[in-house]
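Colleague: So the sequences go chain by chain: A and B.
In case it helps, our numbering puts the first sequence at residues 105 to 310.
In case it helps, our numbering puts the second sequence at residues 941 to 1174.
Calculated from the structure, these hints are not laboratory results.
By construction, the Cβ of each residue, glycine as well, lies at the ideal position given by its N, Cα and C atoms.
Please note that the accuracy of each hint is not assured.
Unchecked claim - Distance ranges between label pairs, derived from CB positions:
hint: 1; chain 1: B; residue 1: 1134; chain 2: A; residue 2: 138; range: 15 to 23 Å
hint: 2; chain 1: A; residue 1: 112; chain 2: B; residue 2: 968; range: 47 to 55 Å
hint: 3; chain 1: A; residue 1: 262; chain 2: B; residue 2: 995; range: 34 to 42 Å
hint: 4; chain 1: A; residue 1: 297; chain 2: B; residue 2: 982; range: 29 to 37 Å
hint: 5; chain 1: A; residue 1: 253; chain 2: B; residue 2: 982; range: 38 to 46 Å
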Amino acid sequence: MIFLQLFWEYFKIGLFTIGGGYAMLPLVTQIVAKHSWLDEQQLIEFIGVAESTPGPFAINLATFVGNTVGASTSLGVWGGLLGSLVATVAVVLPSLVIIIVVTLLYDKFRTNRYVQAALSGIRPVVVGLILSAVLSVGAKVILPDFSFKHIAEGADRFNWISLVLVAAFVPLSQIRIKGKKIHPIYLILFSAALGLIIFGAFGVQQ
Amino acid sequence: MQTNLDKQSNTCKVSLWQLFWTFFKTGLFTFGGGYAMISILEEELVSKKKWITSRDMLDMLVIAESTPGVIAVNTATSVGFRLRGVAGALLATLGVVLPSFAIITALSFFIRAFAQNSWYRAAFTGIQACVTVLVLNAFIRMLSQMERSVFAFVLMFSAFAVALFTDFNVIYVILIGGVLGVVYAVAADALRKRRNKDLPLSSSELDVGQQPDIGQQPVDSEAQQLQDSEEEDK
């Protein structure tokens, strides 16, 4: 049953993500690919939506994946609703239990050398996982047919305009106005406008 | 053990409804998640409502970041639980999740309905490029907070290579990282002790390997000692 599977996978994601939001991305990417629930492009596009809608990024992502999986069943719209509910509850549940336990044992947790040692190993691993997400997202956008698992092939389609856009947004996202960086929402809206102009109004083909 | 939090929850009575409503608003007006939410919560809970002290807020952040799960949810659960027990934890979490859930559920249907529309595709081709940069920035942010040691960088690049080039389950990569962290700390500790045997011992170094009494030690001492032993090793 697909909803049970959805629950179990998202429960594991909630249980094994340390560092929130983007740290969750590598796990989601892998699970979504494993069950072919969404294609990677859909996921990347939704990251843009999740960043520009209210609420925690990871919850938005869980709700969307759940909804998409549920809506693909024979239940249709209601399946989508059920899927959203299942994925969201599953991703939150481990937090609820763990936080309550940890809050009760806070002082022990904070000073326990094994907990701290394990975290000192997990933190760099998570950073490494996110770096892999940077490259796989970047490759998907710029070289849609390329995969790091089969390096020799897939370099035929090259979206050079996307490469230019990525290169332009790197410095843009670092600009500070009155000491504050531009909020991601504005960057996303701006990139959407650029997309509409370049690919829509001018009909440029990648 | 009587922590300052127990005292806190005795002195201020926050209604469950207030708790839910505060986190609902936070969920509704925060874009991006975890870290964006923290500054808003600090303003709301510490400065305005004075439900918790800024020290408690810091403790909760430490928990939220170093336990599994979504940071925003962890924070909500943590605040809710401290103020009103299990019911508070449930309602604060429900509050912070509900806006996301409702908005994204409604939006999902539109996203799929328009997915093949050519204008939609044009806009999202632009957005994809922006998302690449957002993920890159998340990486840079986390890298800047990462501990600077050879051990950490070796782990980082190993995890990176395994995740990028193989189909090895990411969950196992994380678990292995945790185990290696413990092994490394224990090994560094053993080495340190052996070295100390040859030197005249100072009393403060003697109990490095032992569990300190809870609440007696300054909060950071244990982590600090771990870091010290790592740095000495290099």
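Colleague: None of the hints should be skipped; say for each whether it holds.
Modeller: Hint-by-hint comparison with the structure:
1. B:1134 - A:138: 15 to 23 Å: violated, 46 Å
2. A:112 - B:968: 47 to 55 Å: For residue 968 (chain B) against residue 112 (chain A), whose Cβ atoms are near 30 Å apart, the range 47 to 55 Å is violated.
3. A:262 - B:995: 34 to 42 Å: violated, 53 Å
4. A:297 - B:982: 29 to 37 Å: holds, 33 Å
5. A:253 - B:982: 38 to 46 Å: holds, 43 Å
Hints 1, 2, 3 from the earlier list are contradicted by this structure; the remaining hints agree with it.
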